[in-house]
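Chemist: Here's the letter readout for the chains.
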Amino acid sequence: MNCHNVEEGMMDLLEAGDLASLGAGPMAEHIAGCPGCSARLMQMRSLFAAMDDWKAPEVSPWFDSKMHARLREEAQRAPEGFFERMRSRFLFNSAYTMKPLVAGAMALVLVAGGGTVAYEQLHHTATTPSVAVQDLQRFENNMTALQDMDQLDQAVDNASDDAVPAS
Amino acid sequence: MATLALHPGILADAEIVETQHPTNGAAAATDDAAIMLRLKAGELDCFDYLLNKYRRPIVHFMYRMVHNQAVAEELAQEVFLRVYRSRETYRAEARFSTWLYRIATNLAVNYARDTKNERTAPKLNLDEPDYETGTTPDVADQAMSAEAAMLRRERMNAIRQHVEALPERQKMAVLMHKYEEMDYKQIGEVLKLSESATKSLLFRAYQTLREKLKDFV
Chain A
1 MNCHNVEEGM MDLLEAGDLA SLGAGPMAEH IAGCPGCSAR LMQMRSLFAA MDDWKAPEVS
61 PWFDSKMHAR LREEAQRAPE GFFERMRSRF LFNSAYTMKP LVAGAMALVL VAGGGTVAYE
121 QLHHTATTPS VAVQDLQRFE NNMTALQDMD QLDQAVDNAS DDAVPAS
Chain B
1 MATLALHPGI LADAEIVETQ HPTNGAAAAT DDAAIMLRLK AGELDCFDYL LNKYRRPIVH
61 FMYRMVHNQA VAEELAQEVF LRVYRSRETY RAEARFSTWL YRIATNLAVN YARDTKNERT
121 APKLNLDEPD YETGTTPDVA DQAMSAEAAM LRRERMNAIR QHVEALPERQ KMAVLMHKYE
181 EMDYKQIGEV LKLSESATKS LLFRAYQTLR EKLKDFV
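Residue numbers (the working numbering), protein chains in the order written: chain A, 1 to 167; chain B, 1 to 217.
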C-alpha cells in the first residue's frame, strides 16, 4: 500500500466515514503512518463539511400552481410537428437504445450517399472524354475522311483514263 | 386530455415520501418506473406523485447549477413538463431518476450555453434582499459573531464560485454526489460514464476544490 493507492481509494475512504470504520486493513495502517495522506484525507473531510454550508432555498409555495398552469397550456397547445417531436425524442427520450440506432442510421446514410456520389463521378469521368481528346478524335476522323475522298478521286481518275482511247 | 386535479390523499402520502431521499434504493426505483408506466397508461394522478417526490431535489439541483431561484424553478418545471410530454413513449429501460436527472442536466447545460454572455458576477448587499432568491442574506444565528458570520458567508461564496468554475461534467457530478446523495452508478448512468470513470471524475473535481478552497477549509 502506497500513497498512490490511497489516492485512488480516496473516494471510498470519504464514503467510509471515520478511519475506525476502515478496520485494521493496509489502507488504515498506511494513513495512520503517513502524514501526507492523513493530511489529504482530513482536508477532503473538511471540504465536505464546508460544502454542507451551501444551502439551496426552499421551493416557492406557488411552484405547483405554476406547474399545473403550464400543464393546462400544454394540453391546449397544438401538437408538436414531426421534426420537433423527433428532436425531443432524441434529446429527452427514456429509451437508451435510440441514440446508437439513430447514429448508426445516419452513418449508413452518409456512407451510402458518399459511395453513390463517388461512383457517379468515377463513371462519368471514365465515359466522357475531355474537350481536347474530343478535338483530336474529330481531327483524326476528318483526316481519315479526306484520305478516303482522295482514294475515291484517284479511282475515278483511273477509270476515266482507261475509258479515253489513245489517238 | 382530462383536467388534472390534485387528490388530497396523494399530497398526504407525498409528505411522507419527501422526508425520504428519493434517489436511493432499488425498491424506490422500481416503484417510480411502475408509477411512470401507470402514468403512460393514463393514470394522470401518478404525475402528481412523481412531482411531489422529485420537486425539491430537482429544484435544488437546478438552483446549484444556475444560481438563480426563479430560473431554477422554471427549469425544474420544464423538466417535469418534458416528463409529462414523453409519458406515452416512456420505456422503463433504466431508473426513472436517471432519466429525470438526464433531462435536468441537458436543460441546465442548454441554459448555461444560451446565457453564457449574459451572466455577471453575483453581488451581495447585506442590507438588501438577495436579487436571486428574494430573501435577506443569511446572517446565521444570534450566537455567531459578526466576524464569524462574514467568514462563513465568504466561504459559502467561494464554494459556490469554485464549484461553478469546474468543468461542466465535474460540476454536475459533484452536485449529484454531494447534494443529491446519488451513488457512483446512478451518477454514471446520468453522465453516461462507467462507475470507475465517475469515481475518477469526482476525485479530480474534489482535488481541484480542495486546492482552490484550502484557505477556507
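Keep in mind that a hint or two might mislead.
To be verified - A partial selection of chain A residues facing chain B, derived with a Cβ cut-off under 8 Å:
1. 11
2. 41
3. 46
4. 47
5. 54
6. 57
7. 59
8. 61
9. 63
10. 65
11. 70
12. 84
13. 86
14. 138
Claimed, not checked - Not close to chain A: a few residues of chain B, all C-beta gaps over 12 Å, as computed:
15. 31
16. 43
17. 73
18. 114
19. 165
20. 207
21. 210
FYI, nobody ran anything at the bench for these hints, they're computed from the structure. Given the structure is predicted, the values throughout are model-derived calculations rather than measurements. Note that the Cβ used here is the ideal one computed from N, Cα and C, for glycine as well.
Chemist: Hint by hint, note whether the structure agrees.
Modeler: How the hints compare with the structure:
| no. | hint | in the structure |
| --- | --- | --- |
| 1 | 11 | holds, 5 Å |
| 2 | 41 | violated, 11 Å |
| 3 | 46 | holds, 4 Å |
| 4 | 47 | holds, 5 Å |
| 5 | 54 | holds, 5 Å |
| 6 | 57 | holds, 5 Å |
| 7 | 59 | holds, 5 Å |
| 8 | 61 | violated, 11 Å |
| 9 | 63 | holds, 6 Å |
| 10 | 65 | violated, 10 Å |
| 11 | 70 | holds, 6 Å |
| 12 | 84 | violated, 11 Å |
| 13 | 86 | violated, 11 Å |
| 14 | 138 | violated, 62 Å |
| 15 | 31 | holds, 16 Å |
| 16 | 43 | holds, 15 Å |
| 17 | 73 | violated, 6 Å |
| 18 | 114 | holds, 14 Å |
| 19 | 165 | holds, 14 Å |
| 20 | 207 | violated, 9 Å |
| 21 | 210 | violated, 5 Å |
The structure does not agree with the numbered hints 2, 8, 10, 12, 13, 14, 17, 20 and 21 stated previously, though it agrees with the rest.
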